[in-house]
Each structure stands twice: as C-alpha cells, then as structure tokens.
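The hints should help you fit chain B onto chain A, whose structure is shown.
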Amino acid sequence: MDLSAISPTLLIASLMVAATPILLAAIGEMVVEKAGVLNLGVEGMMIMGAICGFIIGVETGSPWLGFLAAALGGAVLALLFGVLTQVLLSNQVATGLALTLFGLGLSALLGQGYVGVKAQTLGRIDLGPLSDLPFVGRVVFGHDPIVYLSLALVVAVWAFLKFSRAGLILRAVGESHEAAHALGYHVRRVRLAAIAFGGACAGLGGAYLSLVRVPQWTEGMTAGAGWIALAIVVFASWRAGRVLVGAYLFGGITVLQLNLQTAGAKVPVELLSAAPYLVTILVLVLISRRAGRAGAAPADLGKPFHASA
Amino acid sequence: MIRLERRPTPSRLWSGISPLVAVVLTMVAGGLMFAALGKDPFEALRTIFWDPIFGEFAWYFRGQLLIKAGPLILIAVGLAMGFRAGIWNIGAEGQYIVGALCGAAAGLAFYPAETRLIFPLMIVAGALGGFLWAMIPALLKVRFGTNEILVSLMLVYVAENLLASAAVGWLRNPESSGFPGSRNLSRWEASANLEIWADTGIHWGVVAAVVAVIFAQVMLTRHLMGFQIRLAGSAPRAARFAGVVPGRLVVVCLGLAGVLAGMAGLFEVTGPAGQISIDFASGYGFTAIIVAFLGRLNPLGIVAAGLLMALTYVGGDNAAGNLGLPAAAISAFQGMLLFFLLAIDVLTNFRVRMGRGVAA
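Chains A and B supply the protein sequences, listed in that same order.
Every letter in the first sequence is one number past the one before it in this note's numbering, and letter 87, counting from 1, is 87.
Every letter in the second sequence is one number past the one before it in this note's numbering, and letter 156, counting from 1, is 156.
Chain B extracted, bound-state conformation:
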C-alpha cells in the first residue's frame, strides 16, 4: 500500500528539481503522443528542442527564441506576484490586448510625426491600458467581493471584441482601401520597436522583461510589499494580524500584472506583430500562466521557464514546417507540462511511504 505522509517542511530539493522532472516526463509523454500521430518521436523531439538551438538554422531560431520569451516572461512575472498572494488573475490575455490597443492608439494619434518621444509615450499608454483593464476585476473584488477569476476571464472575451472593432473600425489604416488592420507600427520610425542588436531578437520588450524580473526579485526578497505578498499567500490569517490590507494587495497585484501585460502587448504590436489586426491575440496571456507555475512563481525561475516555453513555440513551428506536425500539438504539449509539474509537486510537500501505516 502506497501512502503519502506530510513533510514537516516542504522539501527544498524537490521544489527545485520538480520542474526538471516534469520536463523529462512531458518529453516522454509527448514522444508517445507524437508516435501516436505517426511521427518518429525522437526526430520530433530533436526538431523541437535541439535544432532551434544547435541545428543548422539556429542563427535564425535563437533570435526568435527571445522574441517569444520576452512577452511570456514579462506577463508571467506580473501574474506570479498575484498567484503568490492567492489572487488569480487569469485574464492577462485581455490586459495584453487592451495595452496594445491603448498604446497603438496613443501613437497613431500623432501620426505621421517623427519624434523619438512617441515610443515612450506609447509604452506609458500601453501600461496604463493594461493597468486600467486589470483594475476592473481588482476594484470589483475589493468593493463587492466579486470573483476575480471569472471577471478577469470574461474581460478577455470583451477585449477580443474590442480588438476586432479596432481592427475593422476605429484604428483601421485609412490608406488600406478596405483591408482590416491598423497602420504598420513597426515600419513607422517613431513607433518601431526594432531589434536593438541585429539578429539577436533583443528588442525593448526583452529589455523590459529583464528589468521586470530584477524589480520583482528585489521586491519579493527585500521589500515589505513582497513580504506581504508571500505572507498573504501562505498564511492569510497571519497576514491579517500582521496588518496586511487584503484590498490593497489585490489592487497592487492585479495592477502590476496589468501594467506588465499591457506593456508586453505594446512591445508586441510595435515590433514582431507590427500592427493591430484581428488575429493579434496569440494566447501569450494564457501560456504565461504555465510559465509562471513552471518557474515556481519565482522571477528567476520564470526566466528559465519562459525560455523553455519559447523553445516549444519556436521548435513547434519548426516541426510544423519540417515534419508536418500539427500546430495544436504544441498547446497539448504545454498543457501536459503543467499537469506533470502539478503532479510532481506532491513530492515537495509529501513523502511517499510504502507499507501499511495508520488508516488513511
């Protein structure tokens, strides 16, 4: 008889290595999935995980890696703060869209001016847009106790409709003769978020992600707010006695996530995506949830997790092109990764004991 015995304190060892174990298990299960799809599992795994970094065309893929990892890390860092405090903002996708819309709108209001002041202004507008969109679930939760999971998620669908109306209506390129989509922001010098060093994939969004990671790490470990976040998550009652105001924490956590998601949206729309279009929303806001958990809700861990997740995107594209592997296989793969991680996590808090013990 196998049973679980609670550890007196969570195992540091398992907390550290469980993401690695989860990755290995996902590769095994993913290999089986690819085999079931009629592909050679070893070739599929090599195409996804090896070729983009060490293969023949790695010079192209390495840049793509940072382009994908930037927004994921930026969003995930914000989400992780909330998840740590037990505040479940799962509407980052909506905040990402609204940030992009606000930023693009602020920039396009000055079109075709040529001044380098426009880009910073757009970043501020993007952050503000994401912030305000996140404030809807935050204030509703503080004021009325409304469930933030449901509200933030419903707002994703609202944001998608807002995006559609912007792409075909109020942000449409007036010179495009009827095609949906805004002006191309990456080709307008004042707003273009180009690579800072050629072929590295490092654009301003990646820089912002690095800054956000450092900021979050310092806040969590050195600042009172970080302490309150950690306390509220692990012992809500103790947090109340310690003077943590739950409402303020909700506003701070959701607001921070909104700001970062909004900025991620702005960097995406001015750089890799280039314009507001109907299919601008690419699911980064949802994948970032996996990234946050995979990174143990720890800013430094999130960097590693974001890079790994970006690798599955880039490698997935590679496999789709070379092996005809369906694009959807990658989302199933990502979901599986989160499952395995959550399952392995039991070993952090529990010990597996064989044999009969007290009646379980």
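The following block holds chain A by itself, in its conformation from the complex:
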C-alpha cells in the first residue's frame, strides 16, 4: 500500500465535496425536527431531487435550473408527507418510510431514459490568485458554488434558530405544540413550512450527487445518504454547527475509504465500503450513551398534533 499517494490537500477538498449532499439534507432535516416533525423520507426526497435536477439539467443545459427543479421536486414530495402527517394525522414513521419507497420507485421510473447520459456540471468558482495559494487555495477557494451555498445555509439556519423571532416560534412548536397553539401560533402551518424547507434542502443534496459529484444518473444512487443525514442530525444533537462537523466527519470517512481502496490497502474492499455505515452506528452509540435516553431532542418530536385533543 502506498499511503504517500494520498494527498492531504486533495483529501480535504474532496471531503468537502463528498460531505455536501449529506450536509444539505441534514441541515434541512434538522429544521424539520426542530419543528417537532420526524421525516424519515429524506432518502426519498434526495433521490427525487437527484432525478428532477438531472432531468432539468440535461434538458435545459443549465445546472442552475437543475438545482432549482431539484429543490422544488424535493419540496413537493415533502409536502405530500406534510399533508399526510399534519392534515390527515398519519403515523410519521410509517409515512416517512412510504415516502422513501415511493421516491425510490418514482425516481427510477422518471430516470429511465437518462441512464448513461451526461449532464453539464457546475464549474469551480475561480477566485483568481486566491485559488492559486498553496493548500488553502485548493481547500478553501477552489470549490463549486453549491459547496459555499451549503456552508452559508448552515450559518443561516443557525442564526435563524438562535436570533430570529420566527426561529423562536419554530422551536416553540417543536418543544410544545400545545403551548404554541395556546399562544395563537399556527402549529400546522409552521410545520408544513419546515417540512417543505427540509424537502428542498434534501432535493438540493440529491441534485448535488447527480449533477456534480458523480455526475450521472443511476437508479438508487443516493445509496443511504439520506439515512446517514438522519443519523447526523441525532449525532449533532440538533445543533447546526455540529451538523457541519458530523457531515464533514462522515465525508472524510467516505473519501478516506475510497482513497485507501485506490491506494491498494490490504483490507477487503467490502469492509472499506461498509466502513461509513459502521462508523455511523458507532457514533450513534457514543452519542446515545452520552445524551442518555431523553437527549437533546425537541420534546414533541414525532408527536401528532390535533387542535381538538
């Protein structure tokens, strides 16, 4: 095995690319869960974003329109979940699972004619001399716009939840929908908005996979990324900053195992491919051990709300 073939600069740069889809999906899901809704359909929304973005990206030739379509596709699918769980009061766990199964099926159906097609991908932002700096230039200034967008989104979500009035209302709805309702806030409306936002973020994350990271369409290409995003929200104990840490940590493991595979490590390929999932389990165990049973989860997470009750 030749470890010197792994360049730390490239490793960190590709880590950020690998982490971006998960980061986008996770930050969206965090907002949803902060509003007290557990949407297990992240995987389904991501893959719908991936195919919607890819189709529009290919047909129009503009990756930007692709990303817009992906956000819309994710949000529409999320609203389907929203209507079912918030208006028709269905079980959130079961509905989330249904969303994933449905999203996987529908995306495969939509993507039939697009297997093996190449889409126009996003270029890196050229920051002139900054991008030419050693190490820092490649790691900090050499990415495509969506990487920066995802980072900005983390800051925006953090600021929104911490400093804005609307953020406070959203958290109140998640902690105690009865109290929020009694104060005259529209629990259902707030939750639907949060669900749509989460869907849009997951859609963007999916499109980042199909338009930038891979960039191609293959059936089931998200391969559990949505579920990992869910795990990262738990890992982050519902804090925006830690979502970033978790996503980058996970991206790091993914990239490292790919690099080890190409460097010819004396470890079975299958073990390396399974490593990200095993590490996620390990992290979940460590987190739940520290946090105890209640943890830092929003108090009304996953509970249905009906005004008459």
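Don't read these hints as lab results, they were simulated from the structure.
Keep in mind it's a predicted model, so treat the numbers as computed, not measured.
Be aware that a few hints might be false.
Listed next, the stretches of chain A that the computed footprint assigns to chain B, with coverage defined by at least 3 CB atoms under 8 Å from CB atoms of chain B [stated by the list, open to error]:
1) 83-93
2) 108-118
3) 280-286
Yeah, the Cβ is synthetic: ideal placement off N, Cα and C, and Gly gets one too.
Showing chain B alone in chain A's frame:
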C-alpha cells in the same frame, strides 16, 4: 369548512375496509400513472391484476404468486409484532441477507454430503444468522438507547457488502472458474428447497410462513407476550405500570423479526434464487414493511396483503414483458399503495364534519 373530529373509539368498519379503499384508489392513481407513461391504463391494470390469476398463462403465474408471497408474509409477520409494540425494525433486508449467508455457509460446509439432515441444519443456521443480526440494534437500544431505526437500516448496507464479499470470496463456487456466486444450492439434493407439490409454488418457505402466521396470531390473541406487545404499542405508560419490561420487549420483537427474516432468506437462497450471488438481495425486506401495514399489522391481514403484493410483483413482470412497462413502475405503485392506506387511515380515528365548529 371541512374539519376532523376525533372519534371516541377507533372505527372498526373503517379499520377493516380502509385497505380495500386504498387498493381501489391506488388502482385509479396507478392507471393515471400508466396513462402518463403512454400505456392504456385498463390494459395495464388487467395485465397486472387479472391475467396472472385468470389469464391464459395463469397456471404458471399462480405458482409464482406463492413463491413471492412466502418470504413477504414470513418477514412481514415478524415486523408487524415490532411495529405493534412501537419498535421500528426497518432493517429486515439485512437480516434476510445474513440469514441466507449463514444458512448457505452452514450447508456448504458439508458439501458434498448427501443427508437430509443438512436442510434442517441450514434452516436453524439461517434463523440464527437473522436473529444475531437483529440483536445488534436490539442490544444497542436496550443497553445504550440507540435509535433502532437508524442502526437496523445501516446494517442493511453492511449486510449488502457482506453479501458481495461472500459472492466473490469466501462462499464462491471453487469450480466456477472465476464467476462470482456460490454453488447452486437448489441443485444439490441435500439443500434443495424444492416445490413440495409440483407447479403450486409451495416450498418449505411457504409452509413456514403459514406456521408463522398461526403462531403469531395465537401469540397476539392468547398469550401474555402478545398482550404486552399490544399494550406497549397503544399505551406505553400503562404498559410500564403493568410490569412490561421495555428492554425484553425490544429483544423479543427484534429477535422474532430477525429469525423469520433470516429463515425467509434461507428458503429463498436454497429455492427460487438457488445460490448466493451479488444481486441476491431483492428488496423483500423493504416491501414487507408495506405488507405489514397493508395487513393492518394483523397476521391474518398480512396473508391477504402479502398475496396482493406478490400479485403486483408477478403482474408487474407480466406487464414488463408484454407491455414494456418499466419494472420501476411497480415500486412506485407499491409506495403509492402505502401512501393511500396511511391517508385513508385518518377515517379510522377521525370523523369528517362539514360546516363550522369550534375553532380548529
């Protein structure tokens, strides 16, 4: 203004007929989907739902129906026990794979012996494999409070990698000159899980499914454990006061689901699939979730739901062959079915009232 009013007790009528309503609505929506794909919706629906049972080639499809329904029912019965108790094992696909791997490995260790003892041994090994794989999320949940949804699902991806390594490495047929995949278990007399009656599709997995359904039904309605499962699901606090140990329930429910999923995997690998190969995992573990819900988490309902879901598989294959309908359309169709069911379910617990009432 339409509003929902909570029923004092869940409606038995709606609980019973909502799966039927959901099926009808799915057919309508599915017909629209097929029309959007440029197929004649009536012909598509007839090809999927009618021809496999009553059509010209029904003698072939009827057998296929039970072959597909067997594993779905077997897995769904196990899952339903957990779902009833509020324990969300969604990694049945992983338990199914590991069960198949363990069972196949146990059998192949004796290759080429010819004794009928090998098949029972493989069943036990398969059940044990699924059980142990399910014990990972169960024990982590009991000991550390780790979320079983995420752990069991992550383990599906781990199991898929394990399957890949078995198919190309440690279970590969040494006589296959480089092709991935194990020896063919369905052609080795000691391990073959053949049809018990020719052309019926009834193999040992179907028999096991019937036994599991009866066992689960008796347990739920007649045994203390079944009562505890139902109690823990509908009133967790009351269950604690009644002396239900939550940890024990987690182990029992996940363990049972693991055993049944592992056995389903073993019956599949020795029968219809025939060998351990890279594409052995076919998504039964996930479809079984739909089957469990569609069957109202009730063992007898699951039999009906499993048969219906098997029909969509068989009919979907038929439509793919005859009408060129994409195979993926069927998964979208199955997802839609679950959606409609969950949506209709609101009528079980709520009454729809027109007009203005108290501020909602």
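Structure-based check of all given hints:
Counting residues of the stretch 83-93 of chain A whose CB lies closer than 8 Å to any CB of chain B gives 6, which reaches the minimum of 3, so the coverage claim holds. Proximity of the stretch 108-118 of chain A to chain B, defined as three or more residues with a beta carbon under 8 Å from a beta carbon of that chain, is established by the 3 residues found. Restraint check on the stretch 280-286 of chain A versus chain B: 4 residues with Cβ-Cβ distances below 8 Å, three needed, restraint holds.
Checked against the numbered hints given earlier, this structure breaks none of them.
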